[in-house]
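If you're matching them up, the sequences are chains G and R in order. Sequence positions in the first sequence follow numbering that gives the first Met the number 0 and run 0 to 206. Sequence positions in the second sequence follow numbering that gives the first Met the number 0 and run 0 to 206.
By construction, these hints were calculated from the structure, which means they are not laboratory data. Any given hint could be a false lead.
[Stated by the list, open to error] Footprint (simulated), chain G over chain R, 3 or more residues, beta carbon under 8 Å:
hint	segment
1	14 to 22
2	153 to 165
[Unchecked claim] Derived Cβ-Cβ restraints for the label pairs, each shown as a range:
hint	chain 1	residue 1	chain 2	residue 2	range
3	R	A200	G	R115	31 to 39 Å
4	G	G109	R	G127	41 to 49 Å
5	G	G109	R	T31	22 to 30 Å
6	G	G45	R	D74	24 to 32 Å
7	R	S54	G	E142	34 to 42 Å
Since we're looking at a predicted model, the values are computed, not measured. C-beta: ideal position from N, C-alpha, C; glycine also.
There are 2 protein chains.
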Amino acid sequence: MQIAIVLYDRFTVLDAIGPYQVLTNLPGAEVTFVAERPGLIADEEGILKLEVEASLADVPHPDVVLVPGGPGQNDQMEDGPLHGWLRAVDETTTWTTSVCTGSLILAAAGLLTGRRATSYWLALDELGRYGAIPVTQRVVFDEKYVTAAGVSSGIDMALALAGRIAGDRTAQAIQLGIEYDPQPPYDAGSPDRAPADLVAAMRRRSG
Amino acid sequence: MQIAIVLYDRFTVLDAIGPYQVLTNLPGAEVTFVAERPGLIADEEGILKLEVEASLADVPHPDVVLVPGGPGQNDQMEDGPLHGWLRAVDETTTWTTSVCTGSLILAAAGLLTGRRATSYWLALDELGRYGAIPVTQRVVFDEKYVTAAGVSSGIDMALALAGRIAGDRTAQAIQLGIEYDPQPPYDAGSPDRAPADLVAAMRRRSG
Numbered sequence: 000m001q002i003a004i005v006l007y008d009r010f011t012v013l014d015a016i017g018p019y020q021v022l023t024n025l026p027g028a029e030v031t032f033v034a035e036r037p038g039l040i041a042d043e044e045g046i047l048k049l050e051v052e053a054s055l056a057d058v059p060h061p062d063v064v065l066v067p068g069g070p071g072q073n074d075q076m077e078d079g080p081l082h083g084w085l086r087a088v089d090e091t092t093t094w095t096t097s098v099c100t101g102s103l104i105l106a107a108a109g110l111l112t113g114r115r116a117t118s119y120w121l122a123l124d125e126l127g128r129y130g131a132i133p134v135t136q137r138v139v140f141d142e143k144y145v146t147a148a149g150v151s152s153g154i155d156m157a158l159a160l161a162g163r164i165a166g167d168r169t170a171q172a173i174q175l176g177i178e179y180d181p182q183p184p185y186d187a188g189s190p191d192r193a194p195a196d197l198v199a200a201m202r203r204r205s206g
Numbered sequence: 000m001q002i003a004i005v006l007y008d009r010f011t012v013l014d015a016i017g018p019y020q021v022l023t024n025l026p027g028a029e030v031t032f033v034a035e036r037p038g039l040i041a042d043e044e045g046i047l048k049l050e051v052e053a054s055l056a057d058v059p060h061p062d063v064v065l066v067p068g069g070p071g072q073n074d075q076m077e078d079g080p081l082h083g084w085l086r087a088v089d090e091t092t093t094w095t096t097s098v099c100t101g102s103l104i105l106a107a108a109g110l111l112t113g114r115r116a117t118s119y120w121l122a123l124d125e126l127g128r129y130g131a132i133p134v135t136q137r138v139v140f141d142e143k144y145v146t147a148a149g150v151s152s153g154i155d156m157a158l159a160l161a162g163r164i165a166g167d168r169t170a171q172a173i174q175l176g177i178e179y180d181p182q183p184p185y186d187a188g189s190p191d192r193a194p195a196d197l198v199a200a201m202r203r204r205s206g
């Protein structure tokens, strides 16, 4: 089973690495980072640089594709090589997935039209404008299309996906292996429960 | 405020990247990856390769140091350049921290002697053998020494640390920014609650 994680400049690294840490533990899985231009790909901060060896053409038939989000998503919304590759591989994937604003890229490529999907909480309206049906939910399955909410939600998505692919027991073993027993020090991780003025300030800044 | 994240071959990438994603959002923070030998550092899978530009000598006075864990931790237990650097920087750090088996490295370097600390659930006994007082807790603060349990716990630690450094409101904004509202699909992330036979199997394999 080949799992392709798409990287592009100014991606959000936890979007990709949360699922990577889970999915590399799937028995028989081969995880590959793939980019339009192989080489060093920098994250949104420009601090982290990840060496990507595979081009899109090198990975024509992944079983699973995962698209992370991040500020650089804005540069990936035009039809071009990445969209063409996503549409082509989607014809044979078992699962087509995204984390955070990665779903905007999938939607812009035409893969989420009329489908229930989610995204970063500040990007849900935009997701709707690209033809998806936005759902406020941490992980959304619509047939083989699996989308996750913001950044850290990729861990939850990947564990749910691991369960579908390899069964509950394997997914539970992976969860125990990464000691994923989250205990956030604050209850501020969703716009429903974070302090209202903080949510409003972030909405203003993003608008 | 300079935050140094130490990398070494066969580290566990989520140990480093969970905190990285949180701490890069701290106002005024400069996060630097540092390694004994700069260049491409491969994770435990050998799939992910991260470009590290700074050597230990390049970062003599970080305010915060973070040591991740991973299978490669076994190669970092002898006294040598990394231990010497950790002891030297610890003299002036504000926070000396670790995730997962990174605490074994701190302990082997002599920095956790007689201190309450935690580690990956399968490494707590070993932590005790290196002179720390092992605590079964997700994040342990003992003065400026902050240790986290396995892999994913680095996110919780980094948010708690962000609160201490920059106040609750900033930490809450970071939490909302990474939409950290965890909803694991299973309740299997700690040895207390995972299926007992799974815990036993993992203990056998690690023993």
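Structure-based check of all given hints:
no., hint, result
1, 14 to 22, "holds (count 4)"
2, 153 to 165, "holds (count 5)"
3, A200/R with R115/G: 31 to 39 Å, "holds, 37 Å"
4, G109/G with G127/R: 41 to 49 Å, "violated, 56 Å"
5, G109/G with T31/R: 22 to 30 Å, "violated, 41 Å"
6, G45/G with D74/R: 24 to 32 Å, "holds, 30 Å"
7, S54/R with E142/G: 34 to 42 Å, "violated, 49 Å"
Hints 4, 5, 7, counting from the list given before, are not met by this structure.
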